[in-house]
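Asks: Sequence:
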Amino acid sequence: MENILLHTCCGICAFCTNQFLKDNFNIKYYWYNPNIHPIAEYNKRLLSAKAKYELVEDTYDWRVWFTKIKGFANDDNKRCTKCWLMRLTNTLKKAKELKINYFSTTLLISPYQKHDVIKKICEDLEKEYKVTFYYFDERKSFYKFKNEYKTFGLYMQKYCGCVFSKNTGKKVKV
Numbered sequence: 000m001e002n003i004l005l006h007t008c009c010g011i012c013a014f015c016t017n018q019f020l021k022d023n024f025n026i027k028y029y030w031y032n033p034n035i036h037p038i039a040e041y042n043k044r045l046l047s048a049k050a051k052y053e054l055v056e057d058t059y060d061w062r063v064w065f066t067k068i069k070g071f072a073n074d075d076n077k078r079c080t081k082c083w084l085m086r087l088t089n090t091l092k093k094a095k096e097l098k099i100n101y102f103s104t105t106l107l108i109s110p111y112q113k114h115d116v117i118k119k120i121c122e123d124l125e126k127e128y129k130v131t132f133y134y135f136d137e138r139k140s141f142y143k144f145k146n147e148y149k150t151f152g153l154y155m156q157k158y159c160g161c162v163f164s165k166n167t168g169k170k171v172k173v
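Numbering that gives the first Met the number 0 applies: residue 0 is where the sequence shown begins, and numbers increase by one.
Calculated from the structure, these hints are not laboratory results.
Hints are supplied without guarantee of correctness; some may be wrong.
With beta-carbon atoms standing in for the labels, derived distance ranges [what the hints assert, rightly or not]: (1) E56 x F151: 26 to 36 Å; (2) N73 x M0: 42 to 52 Å; (3) M0 x H114: 24 to 34 Å.
Treat the numbers as computed from the prediction; the structure is a model and nothing was measured.
Using N, Cα and C, we set each Cβ at its ideal position, and we do this for glycine too.
Input sequences plus hints: build the corresponding full structure.
Replies: This is the structure:
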């Protein structure tokens, strides 16, 4: 069975994605999410994901993330695109380092994310890094698996992760 490096944004999305990838791949869960704020929220999500899966963890440096999105605090489209690009680029770099030929992201299962934008970023990175992007669209399964995940009693977040999504509707200056 082939290895796949799965960018993992949170425990719930990892669980949902795992349900249909596990039969086709040996999944390596990659944790790189410097966008998650505050640190207490980051730790809750990390511990929730670790409770179910062994993670390949990368560093948490929110300053790198803030530098990348500087100037786009109140522009969701540009800010989110830059955030996804940063995290997925790191995923491809890690896949190359680990000599893994496939990658994907749990972001694709979420009905709350901009699926087509994330898909396009992944397709572009696939060409650049020569690592095969495994595409899926299982958003319709999210709620079914979410209910199953609840039975584990693990943390489920209420926002995407960044301070701007937490404060939706409020103008925030960076």
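Asks: Now tell me, hint by hint, if it's right for this structure.
Replies: Hint check:
no.	hint	result
1	E56 x F151: 26 to 36 Å	violated (21 Å)
2	N73 x M0: 42 to 52 Å	holds (45 Å)
3	M0 x H114: 24 to 34 Å	holds (26 Å)
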